[in-house]
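2 protein chains.
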Amino acid sequence: MYRAPVSDIAHTLKHTVGFATALEDGRFGEEMSDDLVDAILDEAARFANEEMVPIGWHGDRDGVTLKDGEATTAEGWADLYRRWTEGGWNAITGPEEFGGQGLPLSLGLAVSEMWNSASIGFSLCPTLTMGAVEALEAHGSEELKATYLEKLVSGEWTGTMNLTEPQAGSDLAALKAKAESVGDGTYRIFGQKIYITFGEHDFTDNIVHLVLARLPDAPAGTRGISLFLVPKFIPKEDGTPGARNDVICHSVEHKLGIHGSPTCTMIYGDGKFGDEPGAIGWLIGEENRGLNCMFTMMNNARLLVGLQGVAVAEAAFQKALEYAQERRQGKAAGWKGEGMAPIVYHPDVQRDLLTMKAMTAAARAICYACGFAIDMSHDPHGVSARGAASGAEGQADETGKWSARANLLTPIAKAFSTDIGVDVANTGIQVHGGMGYVEETGAARLLRDARIAPIYEGTNGIQAIDLVMRKLPLADGRAVHDYIADLRRMADEVAQSNAEAFGRTGERLARALEDLTESTEWLQERLQAGEAETALAGATPYLRQFGLTAGGCYLARGAGNGDDEARTALARFFAENLLGETSTLKDRVMAGADSLEAAAERALVVA
Amino acid sequence: MYRAPVSDIAHTLKHTVGFATALEDGRFGEEMSDDLVDAILDEAARFANEEMVPIGWHGDRDGVTLKDGEATTAEGWADLYRRWTEGGWNAITGPEEFGGQGLPLSLGLAVSEMWNSASIGFSLCPTLTMGAVEALEAHGSEELKATYLEKLVSGEWTGTMNLTEPQAGSDLAALKAKAESVGDGTYRIFGQKIYITFGEHDFTDNIVHLVLARLPDAPAGTRGISLFLVPKFIPKEDGTPGARNDVICHSVEHKLGIHGSPTCTMIYGDGKFGDEPGAIGWLIGEENRGLNCMFTMMNNARLLVGLQGVAVAEAAFQKALEYAQERRQGKAAGWKGEGMAPIVYHPDVQRDLLTMKAMTAAARAICYACGFAIDMSHDPHGVSARGAASGAEGQADETGKWSARANLLTPIAKAFSTDIGVDVANTGIQVHGGMGYVEETGAARLLRDARIAPIYEGTNGIQAIDLVMRKLPLADGRAVHDYIADLRRMADEVAQSNAEAFGRTGERLARALEDLTESTEWLQERLQAGEAETALAGATPYLRQFGLTAGGCYLARGAGNGDDEARTALARFFAENLLGETSTLKDRVMAGADSLEAAAERALVVA
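These protein sequences, in sequence, are chains A and B.
Residue numbers for the first sequence follow the UniProt record's numbering, so the first one is 1 and each next one is one higher.
Residue numbers for the second sequence follow the UniProt record's numbering, so the first one is 1 and each next one is one higher.
Calculated from the structure, these hints are not laboratory results.
Computed from a prediction, not measured in an experiment: that's the story for all the values here.
Careful, some of the hints might be misleading.
Identical copies look the same in the list; a pair holds intra-copy or inter-copy alike.
The calculated lysine-lysine pairs, modelled on DSS-like cross-linking and capped at a C-alpha distance of 27 Å, are [what the hints assert, rightly or not]:
1. K331 - K471
2. K176 - K331
3. K145 - K236
4. K145 - K471
5. K272 - K336
6. K178 - K331
The shape of chain A in the complex, shown without the other chains (with noise of 0.2 Å):
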C-alpha cells in the first residue's frame, strides 16, 4: 500500500532543486521556516495515506453515474473532498487576500504529489479549481474576483477549463463556440465542449466553468477567442447559488483509466434551464484575448499533469517493491534465507525496480525545479516577473532568469514525467508476472491511470513542440544555455567530490552535456536557418535527451558529497545505466530527420 515518501519529498524539494537555500535566504517570507515545510509535509502525508489511500481506488471501482445531468462520485469521494477542503489543502497556495495561505508553488507541488499519489482521479478536480482560481486572479474584473475567488481558493466551489471542441482539440484555432454580448454586461455562451474534467460532480454546490469562445465579430483564428466565466448556479446577491444557468453536462466519457473522474461533454446554451437559450457568462479580461488568459492557467496546468506522472510512477514503484519483497520464486545468488528467493533478488528484477526508483527521482526532481522556478520568479513582494515588469532592476533580471527558467522548464516537466509514469506503471506490472494483469492487484490500474498524463493539458508532441520552437528561442536563445551552465556545475561538483561510490557518474554527466549542448544549438541553428521541419523531426527525442540529462544531474546533486549511501548509488545507477541513451538521442535528433522525410513519403505515402 503506498505510504507517501515524505523523506524523498522533502529532500528533494528542499536539496536537489534549492528550496532550503532561498529559505535561508528569506526568498519566502519571515513566516516561512524549516519546520514549518516539515509540519505541512508531514501533516499532508498523514492526511494522504490515512484518508485518501484507503478509498482512492473506488473511483476506479464506481466510476461516475450521470442521470440527469447530474453525476453521481464514486462512494466516499465527495465526504472525502469535504474533509479535505476543511483541512485548508485547497488553499495552501492561494493568494492570501482571499482566504489562501500563499505558501510557495513547489511545496503546494511537493503536496500535491502526495494526492496524486493516492488518486489521480480524485486529485484533478482541485487541479483545475487551482487553474481557475490564477486565470481569474490574473485577468479577472474585481467584481467577479469578489464573487467567486474566496470560495474557489477555499473549494467550496470547484472550476473547470473548457477549451476543447470536437474539432478543435490541439488546435484552437478551430474552435466554434458563440458568445453574444446581452449588452447588460453579461454574455449569452452557446456551443458544445468535450473532455471537460470533472464538468459536472457532487462534491460542491457551485461549479464555476471557465470557458473559450468567439464573439460575433471576433478575428478568425486564435486572436479572436474571448475567455468567459459560467457558473453551473448564477449567485445570488448575498452569494449562494441562484438560479440554474442554461450549461448541462451531456454524458461522460467511458475512459481507460482516472474512472473516478467525470470527463464530460457540457452542452452549453440549448435552452434546457433559463427563460431563454444560451448561458449567462462574464467576460474574463479583455475581448479576443481569451487565449492569452487560459496559458496564465495552462502552465501551470501543465506542470501539475507532470507531477501526476512522478505520482503514479512513486505509487507503482511501491507497489512493485513490495510485491517483489514478498513474491518468492526460484533461487538466487543473493538470497541466503530457506526455500525460493524473493524475487527482488534476481538482477533482472532488481534492474527493473532501480530503472523504476532512479526515473521517478528524476522527474519529481525536474517538476520541482520547475515549481521552484516558479517561484524564484514572483519578487519577494510577490508580484509576478512573468511577463510584467518588476522593481528594482537587478530584482527583474533575476526574476526575469526564473520567469525563462520556469518556461524552458515547463514542457519537459509535463512531457517527460508523464512519459516515466506511463513507463514506470508498465514495468510495475511486469514486477508482478501474472498478478499484474488481473485488476484486483492494483497495478493494472495505475498504468490505466497514468496513460491520460501523456495525452491531456497538451499532448507531449505538443510540449516537444513548443520547447524547440518556443523555448529555445527564449532570451535570445541564452535561457536554455544559461540552464545547462546550472546543470554543468552540478556535474562539476560530482567530478570533484572524488568519491568513489560515484563511479563513473561525473564523466557519464558531463558527457550527456556535452550531447545535451550539442543538439541544442543544432536546433537553434535549423531554426535561425528557417529549417523548422528539420528541427520539428527531432522535438521529441531532443525532450526526452534533455529530460534524462538534467534528471542526471539532480539525482547527483540531491546526492551531496556522495555520503549520502542510498542517494548515491541511485545516481550512480542512472548515469551508468540510463544516461547513455542521450547519445542516442542526440543521433536520432541531428541525424535522424532525412530518413524520417523519406520514410514518410514512400513508407507512409504522405505526399
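Chain A is fixed; fit chain B onto it per the hints.
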C-alpha cells in the same frame, strides 16, 4: 479498421526470412508451391477481414460469463469458432496422419498473425490447442493419440496447458498438484491451477486439459513432475464425450485485457463430479518427465505469443495511421491542401507512425525467421531434429544447425516482439490524442490486450535469462556467432548494393553487429568465468540489443537491392533512427552490473 496486410506478410515470409528459396529447393515437398502459399494467405485474409474483424471486439465488450462452472463467451464467438474450424484453419499445421494439412509452421504463423490481429482473445483458444497437439504427438501413447489427436487437430475439441499454481509460476519446482495411480492405467488428479486460458468455454463439447502434477513418491523439484491428460468429459467407446470428469472451472479472472478469453482457476478432484473424488487422467510420456513433455509445447507457444506482439502492433499501427490521415489539426509544411493539415503531415506524428511500422516489421521478421528455422530443423521427410537423431550426417548437421537457430531465436521472438506490441499499442494511443483514451476508439483496447504477452508463457525477464544462460552456450557458444555471421552477410549486401536510398544503413548495421558481437562475447566470458550474476544483470538489455540488430538486418534484407522504395526507406529509417539504441544497450550490458549491484544493496535495501 484492420485489414490483413497480405503483401507485407507474404513478402516477409518469402523474401525476408528465406521461405521462397527453400520452396524452390523443394524443401517442403512437391505439393507446396508459391501459388498455394498465396492462395492460403489470401483466403485467410478474407476470413480474418470478413468474419473475425467485425466481431473480434465483442470479446472486450462482453467478456466471459461463468455460471455453475460453465462459461459463456462473447456474442457470436462460438459460431465464429465453428465456421473457423469448418474452414480447416485449425488443422493447417497439424499432422497429416490425424487429419491435418501438415503445412510448414512458418506459413501457419503468417496465417495466425491475421487471427491475432483480429482478436488475440479469440485466437488464444487454438494457440493452446496446437500446443496440446504437439505434446500429444511427441509424447502420447498410441491409444491417447487415437482417441484425441484427430479431434484436437480439427478443432472439434480444444486443448489447455495447466502449469501455474498460486505459489508456482516462473518456478515450477514449487508445484503441488497431486496424481495417484489407480492401477488400471489411469490416475486421479487433485489440485488447483490458475491462469488457465480457455480452461472452460462454450466453443466445443469437450476440453482436453494437459496437467502437470506430482506422483506420491516423485522427487522434489522439477524432476518430480509428470504430465497428464484430463478430459472435461471422458470419451465413450465411440469417441463421443461421456461422463463428466471431476474438474471444474471455479472462477474467471477480471483482467486488464483479452476479456474475451476466459482465464480460469481450475479445481481438480474436489469431488463435485463422478463416483469418487479425483479427476481421471492419463499419463503423457514417462513418469516424472512431464516438464520435458511440456517444453515441447512451450517452445512453440512462446513463438506464438511473440507473434501476438506483432499482430497487435500491426492492428495498432493501422488504426493510428487511419486516424492520422483523417484527423486535422494545425498547419504543416508538407500539407498543400485547404484548411487544417491531416496530422499525418506533422513530423512528430510521422516519427511515431514510422517507429510503429518499422518496429512491427522488425518483430514480424524475427518471429517468422524463428518459425522458418523450426521448419528447417525438420528433415525433408518430416522427422524433427530437435532432440532426436536424424538420417544422413550432412542432413543432421544442417537440421541441427537450424534447430539451434530456432532455440536461439525463440526467447528473442517472444520477448522482443511482445515488448514491441506494448510499445506500439501505447504509441497508437498517443497518436489518437484524447480519442485514444476513450474506449470507443479501440486504441486503448489494443494496449490492454497487448499487455499480457510480455507476461505469459514465461515473462520476458525469464526469456532474457533463457537467452543468456541456455542459448548463448548452444553448440559450445558457436550457434549465436553463426547467426551473427548470417546477419553480417545481410549487412554486407546493403553495403555492396551502393543504393543511395539506403543512406547510412550499411554503416549503421555494421556498427550494431560489432556491438552485438562484443556484448555476446563478453557475456559468454562471464558465464565461463562463473560470473552468472553479472551476466544476468544485463540479460534484458542484451535481448533487446539482439532483437534490434537482427530486426535491422532483416528489414534491410527485405528491401532487396534498394529498388523496393518503401521497404528501403523503412529499413533506412530503422537503421538511422532506431538502431542507435544498440550501443546504449551494449553499454548497459557490459558496464551496468556494478552500479546495479551497488544500488540494489543501498537503494533497494537488498543485502
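Hint-by-hint comparison with the structure:
| no. | hint | verdict |
| --- | --- | --- |
| 1 | K331 - K471 | between (51 Å within a copy, 19 Å between copies) |
| 2 | K176 - K331 | between (63 Å within a copy, 18 Å between copies) |
| 3 | K145 - K236 | within (15 Å within a copy, 83 Å between copies) |
| 4 | K145 - K471 | neither (32 Å within a copy, 70 Å between copies) |
| 5 | K272 - K336 | neither (71 Å within a copy, 43 Å between copies) |
| 6 | K178 - K331 | between (67 Å within a copy, 23 Å between copies) |
Checked against the numbered hints given earlier, the structure breaks hints 4, 5 and satisfies all the rest.
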